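Below are the chains, spelled out letter by letter.
Protein chains: 2
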Amino acid sequence: MTETPQNAKVVFQPSGRRGTFPVGTPLLDAARSLGVYVESVCGGRGICGRCQVTVSEGQFAKENVISSAEHLEGATEAETRYATLRKLPEDRRLSCQAKILGDLVVDIPTDAQTNRQVVRKRAEAKQIEADSAISLVSVSIDEPDMETPRGDIDRLRDALIAATGLADLVFDPALLPGVQVMLRKANWNVTAAIHQDLGTLPTLIALWPGEKKAVYGLAVDIGSTTIAAHLCNLQNGRTVSSAGTSNPQIRFGEDLMSRVSYVQMNPAKLPDLTKAVREAVNALVGKLVGDVGADRSDVLDATFVGNPVMHHLFLGIDPVELGGAPFALAASDAMNLVARDLDLELNPGARVYMLPCIAGHVGADAAAATLSESPYSHDEITLLVDVGTNAEIVLGNKDRLLAASSPTGPAFEGAEISSGQRAAPGAIERIRIDKETLEPRFKVIGVDEWSDEEGFAEKIDSVGVTGICGSGIIEAVAEMFLAGLITEDGVINGNMAARTTRIRSQGRTFSYSIAEDGVEISILQTDIRAIQLAKGALYAGVKLLQDKLGTYHLDRIRLAGAFGSYIDPKYAMILGLIPDCSLEGVTGVGNAAGTGARMALLNRGYRREIEQTVRDIEKIETALEPKFQEHFVNAMALPNKADSFPHLRSAVELPEPLQTSSPETGTGERRRRRRRG
Amino acid sequence: MTETPQNAKVVFQPSGRRGTFPVGTPLLDAARSLGVYVESVCGGRGICGRCQVTVSEGQFAKENVISSAEHLEGATEAETRYATLRKLPEDRRLSCQAKILGDLVVDIPTDAQTNRQVVRKRAEAKQIEADSAISLVSVSIDEPDMETPRGDIDRLRDALIAATGLADLVFDPALLPGVQVMLRKANWNVTAAIHQDLGTLPTLIALWPGEKKAVYGLAVDIGSTTIAAHLCNLQNGRTVSSAGTSNPQIRFGEDLMSRVSYVQMNPAKLPDLTKAVREAVNALVGKLVGDVGADRSDVLDATFVGNPVMHHLFLGIDPVELGGAPFALAASDAMNLVARDLDLELNPGARVYMLPCIAGHVGADAAAATLSESPYSHDEITLLVDVGTNAEIVLGNKDRLLAASSPTGPAFEGAEISSGQRAAPGAIERIRIDKETLEPRFKVIGVDEWSDEEGFAEKIDSVGVTGICGSGIIEAVAEMFLAGLITEDGVINGNMAARTTRIRSQGRTFSYSIAEDGVEISILQTDIRAIQLAKGALYAGVKLLQDKLGTYHLDRIRLAGAFGSYIDPKYAMILGLIPDCSLEGVTGVGNAAGTGARMALLNRGYRREIEQTVRDIEKIETALEPKFQEHFVNAMALPNKADSFPHLRSAVELPEPLQTSSPETGTGERRRRRRRG
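Chains A and E are the protein sequences, given in the same order.
For the first sequence, numbering that gives the first Met the number 0 assigns the number 0 to the initial residue and increments by one for each residue that follows.
For the second sequence, numbering that gives the first Met the number 0 assigns the number 0 to the initial residue and increments by one for each residue that follows.
Since the hints were made in silico from the structure, they are not lab data.
Careful: at least some of the hints might be erroneous.
As the list claims (entries may be wrong) - Listed below are the simulated EDC-like cross-link pairs for lysine to aspartate or glutamate, each with C-alpha atoms no more than 16 Å apart in a straight line:
1) Lys640(A) with Asp488(A)
2) Lys618(E) with Asp144(A)
3) Lys442(A) with Asp567(A)
4) Lys618(E) with Glu146(A)
5) Lys618(A) with Asp144(E)
6) Lys442(A) with Glu515(A)
7) Lys184(E) with Asp141(E)
8) Lys274(E) with Glu372(E)
9) Lys618(E) with Asp546(E)
10) Lys434(E) with Asp447(E)
11) Lys618(A) with Glu372(E)
12) Lys397(E) with Glu372(E)
13) Lys274(E) with Glu344(E)
14) Lys640(A) with Glu655(A)
15) Lys547(A) with Glu146(E)
16) Lys547(E) with Glu146(A)
Just so you know, these numbers come straight off a predicted model, no measurement behind them.
Kindly generate the complete structure, drawing on both the sequences and the hints.
In structure tokens form, the structure reads like this:
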């Protein structure tokens with residue numbers, strides 16, 4: 000017999016979605032099971048603070064729920080820590096920490112992630128001066144008159160031309176069916192939205208009766224894994240809401256190339272992939288406008304960035320040409336399109352600006368990241384790297400800018416690694432190896448303490464150690480190298496088995512065991528090879544661009560994307576993933592592509608800036624460069640066979656080169672990898 | 000106790016509408032009570048033959064009906080006569096004659112009304128110099144290249160800009176999904192169609208591999224009764240095929256105002272009216288391209304004209320504002336639109352040019368007729384009249400041009416006339432009355448001989464004399480006036496009964512009998528009144544414009560439209576339908592609106608010409624003019640109470656005025672008629 004209820008009803012606002020959950024379920028899990036979007040980037044560790052919610056207290060007759068803040072379990076240690084450090088408002092809870100005890104009505108505040116993003120993302124703090132393609136003009140127009148029987152929309156157009164001086168103003172024909180009712184309802188006083196941008200005529204695209212205060216734009220980064228969207232006020236340039244969702248195309252293929260193959264095998268299914276991404280964007284828009292109490296019809300402009308395959312699939316273009324040389328894009332230049340032609344559920348007159356693609360493997364996302372970091376505006380030489388399964392590389396300064404891509408493969412995302420997994424609770428994300436004892440200690444996503452700290456043992460039980468994520472594998476290989484467990488050629492040194500039982504024979508090669516309670520987590524020789532191939536490809540691409548630029552000096556390295564934000568620059572450099580540079584010059588820049596999309600949305604000057612930059616940028620096709628292979632072979636070594644890494648050596652003591660004669664380092668394995676999305 | 004059922008179930012196909020009706024109900028009445036459109040113009044007299052139906056025999060389980068042809072009463076005398084004269088197929092019945100005896104499933108064949116109609120709209124022979132909005136450019140483009148990874152369509156655009164000098168060339172995004180396959184199939188040699196017109200950017204709209212020879216345009220005149228379309232070669236300006244069809248909107252209302260009312264009562268049905276006309280256009284296009292062995296995708300541009308209600312319904316705009324003062328148009332100016340946005344099945348990139356409307360009752364059809372006749376280019380003063388149920392009037396010369404409409408009603412089309420019918424075989428179209436014997440002789444559509452000529456008697460049997468059409472009624476009234484059978488006030492002179500038995504008493508008024516073999520065809524006093532009201536309204540509108548212009552001198556009168564082409568100018572003038580003018584100056588100009596549509600299709604100079612003309616033209620709203628009523632009252636007389644018609648009098652001997660005091664000429668009847676479509 001139990002006296003406390005085993006289940007509780009939870010209603011999420013503003014969506015109104017509801018469900019019944021076992022007592023003890025974390026609120027975040029409940030939200031996700033209902034498809035209610037709550038942002039969380041720390042893997043539910045109570046760190047990022049994006050999953051904030053409030054409890055609406057009282058009796059909700061319609062919902063048949065009596066909701067109380069006490070129906071959530073008290074704050075966990077992590078939540079208390081967050082509240083102390085970041086000043087969590089009293090009525091707020093972290094939904095990843097708060098467990099359901101009884102019936103609840105939960106509200107997801109709109110400001111949580113937005114406010115927080117300013118703190119977290121450097122680019123978010125960047126104030127974008129608004130000069131969007133949309134301007135609002137309020138006019139009064141003459142009533143119709145039998146003496147001068149001009150059409151209602153023509154008199155409206157005349158009034159707008161008089162008010163704006165735009166003699167070549169046209170109107171979107173989508174306005175025709177509704178214009179008469181609108182003008183009469185408005186008593187002939189309306190606010191008009193006019194779209195003006197290069198390559199289009201100034202166009203009246205939307206109308207409201209009377210005064211219209213706020214109109215919005217949408218900036219979207221379509222990644223192969225995640226779609227991130229920002230809603231921005233087009234007049235003051237502020238980002239008012241952000242949201243992300245998985246790219247539903249993932250069911251057609253996990254990486255880009257598998258999606259291209261899917262379309263190649265099933266050409267009739269192309270519309271399904273296009274529809275999937277457009278529907279996901281439409282769902283995000285619903286959430287974003289709901290967050291701020293706006294309407295879809297308040298969204299008048301949108302910018303989209305993505306890699307070339309995402310860009311083409313979004314536009315309904317078969318990406319098959321991108322699957323093989325010469326990797327021909329159907330369209331590369333920036334485009335102004337009409338949102339309804341793309342089935343986007345915004346204002347019927349809304350426009351879309353597609354940022355330009357740089358090359359067949361260097362997409363509009365790289366262009367947007369370039370816009371965000373603007374290496375072309377600086378004297379300093381910047382290397383901008385967006386590490387995905389394809390690394391997109393931009394190098395240069397205001398005098399000259401080069402771009403290339405390099406096929407790194409998915410190893411950096413934890414794929415092709417024996418114990419690899421995506422960054423999620425249970426994944427080892429950081430690791431240190433004692434040079435004397437050769438014992439590892441590590442940090443797991445979901446547990447604050449390192450594995451050798453007090454409290455870890457108790458807490459790890461609820462999370463488990465399930466694998467090793469991208470940043471973990473980087474640190475593991477680098478630390479093994481620093482500890483002398485692997486040679487500069489990347490071979491696990493079997494001789495070290497004499498010093499530690501963690502080095503174990505695996506037939507012709509050896510492994511290093513990190514954890515063995517429950518799941519056995521080891522670094523195998525093949526794991527190190529996968530990392531070497533990936534970092535070798537990336538480094539070789541960078542080196543090629545440095546050859547072209549004629550200098551190996553670097554002032555700044557900017558690591559974009561999720562992976563770039565979470566890896567430790569020092570370990571990336573020890574591994575030789577990035578070239579030598581002052582460590583202070585290396586920073587993660589988060590979702591730089593999304594920032595670039597917002598810049599292009601909010602200010603047309605940035606559109607012209609990136610269009611000109613993409614025209615000027617020198618595109619290097621690494622596959623065509625004879626030196627790529629040589630750079631690649633050198634870059635297989637840790638950190639590099641040819642390059643000396645003076646900045647790194649002044650900061651970190653690297654082991655003396657120790658030659659091995661293992662056949663594993665033979666050139667047979669140094670093959671060019673096939674391109675992966 | 001009754002043995003025969005008192006009610007019967009009737010199902011109409013293809014609509015599936017069904018109802019239960021008392022035995023003895025004429026099938027046509029049953030159809031109408033269910034809102035099933037069955038055409039009929041003879042007033043249910045079994046003459047026009049348009050109301051044909053077939054009975055589907057058998058057991059209809061779904062409908063729970065056993066249908067048999069025997070469930071219709073046998074043929075009436077009228078139906079037997081029609082069947083003999085016009086060869087009614089065996090399975091066909093005239094629904095106005097056939098009475099319901101039992102359960103029925105009735106099918107309304109689609110060919111009945113269309114075949115029967117004399118589509119009098121045809122392309123005129125006028126040679127139009129081609130300078131269309133479409134130009135063809137053949138280019139070779141560079142193959143894609145990894146060194147310069149520009150999009151395929153962007154390289155194509157560059158090549159076209161180089162070939163044409165059109166720096167601001169854009170492309171239709173509809174080309175994107177197919178461009179890569181097209182370019183490869185074409186081995187990089189393509190012909191591009193570029194659209195250039197005012198108010199749009201030059202746009203690449205279509206592509207073909209290799210050379211493309213012939214591309215076409217479509218010129219369409221959407222009349223309320225008939226849609227006429229011409230297919231023209233855009234390069235040499237030749238009209239290669241023409242076709243016409245009934246406007247299927249007729250089932251929503253026979254005239255314009257009844258369609259406006261229909262939409263007002265059933266706003267949700269607006270899309271049905273729009274869809275009906277667009278589908279009819281698409282069907283015509285299929286026929287036209289089939290005629291010349293072309294494909295729909297060869298059609299790249301289209302022009303449309305129509306009265307304001309047709310114009311709005313075609314564009315999907317609710318015409319309700321056109322139903323009452325101030326008759327506000329949603330849009331009046333010329334427009335460049337995209338054909339696919341109007342659901343037109345042409346090339347996916349095809350464009351549409353809508354000619355401008357002049358005023359709420361003076362449509363793009365009047366603008367096109369004005370373009371065709373170009374009174375604004377001449378010193379001579381021209382009166383251009385398009386007589387429909389609304390007369391559209393344009394008056395002036397190169398110094399000044401005025402336009403108005405006048406609500407003539409449908410009398411000129413044979414409606415509201417007791418023996419009236421549309422122009423079709425069997426209709427009396429010409430008539431002469433001997434001034435001595437007062438005997439009529441006449442000509443019937445479908446028989447070459449006059450009724451008093453040899454051979455008429457034999458031939459008329461196959462056609463019959465079924466009614467009197469618009470041109471016939473004009474001549475009948477005018478000839479009655481010349482023969483002294485009616486006074487200048489339009490009263491049938493009962494005293495003439497002493498001289499001919501054809502003048503017969505009809506209670507307080509009299510009638511004149513024209514034919515009485517089979518169907519009795521007479522002119523009643525009410526018929527003359529209907530004609531007087533119609534011609535009075537038209538003349539008053541013209542007179543008002545003459546007042547405004549400040550001169551009553553006329554060099555040319557141009558009668559446009561089907562009616563204008565078939566009436567004899569002399570009789571029109573005797574009736575006082577048109578003002579006095581040298582008879583040689585009066586000509587019918589056929590489907591001038593269609594000609595104007597073709598001109599605007601084939602030469603952009605004409606687009607600018609009519610846009611400027613419509614801007615400059617002075618629009619007179621007759622309803623606002625105090626003198627309209629005075630002109631109208633004077634114009635009720637034959638030919639006119641106030642105006643002397645010197646040119647007419649020098650050519651024709653008019654009877655001396657003969658005053659009557661009949662109360663029928665009282666002003667009560669001279670009321671302003673409500674506008675009719």
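Checked hints:
Proposed proximity of Lys640(A) and Asp488(A) is supported: the alpha carbons are some 8 Å apart, at most 16 Å. Simply put, Lys618(E) and Asp144(A) have alpha-carbon atoms about 11 Å apart, close enough for the 16 Å limit, and the pair holds. Note on Lys442(A) and Asp567(A): the hinted pairing holds, with a Cα-Cα distance of about 14 Å set against a maximum of 16 Å. Proximity of Lys618(E) to Glu146(A) is assessed by CA-CA distance (about 7 Å); at most 16 Å being required, the pair is judged to hold.
With a C-alpha separation of about 11 Å, the suggested pairing of Lys618(A) with Asp144(E) holds against the 16 Å cut-off. Straight-line distance between C-alpha atoms of Lys442(A) and Glu515(A) comes to about 15 Å, which keeps the hinted pair within the 16 Å bound. With a CA separation close to 14 Å, the supplied pair Lys184(E) and Asp141(E) stays within the 16 Å bound. In summary, the hint linking Lys274(E) to Glu372(E) is not supported, as the alpha carbons are separated by about 32 Å, beyond the 16 Å threshold.
For the hint pairing Lys618(E) with Asp546(E), the CA-to-CA distance comes to about 13 Å; that is within 16 Å, so the pair holds. For the hint pairing Lys434(E) with Asp447(E), the CA-to-CA distance comes to about 24 Å; that exceeds 16 Å, so the pair is violated. Taking the CA atoms of Lys618(A) and Glu372(E), the gap is about 60 Å. The hint is violated against a cut of 16 Å. With a CA separation close to 12 Å, the supplied pair Lys397(E) and Glu372(E) stays within the 16 Å bound.
Between Lys274(E) and Glu344(E) the CA atoms are separated by roughly 13 Å; this keeps the pair inside 16 Å, and the hint holds. With a C-alpha separation of about 12 Å, the suggested pairing of Lys640(A) with Glu655(A) holds against the 16 Å cut-off. A distance of roughly 14 Å separates the Cα atoms of Lys547(A) and Glu146(E); the hinted pair therefore holds under the 16 Å criterion. With a C-alpha separation of about 13 Å, the suggested pairing of Lys547(E) with Glu146(A) holds against the 16 Å cut-off.
When the structure is compared with the earlier hints, violations turn up for hints 8, 10 and 11 and for no others.
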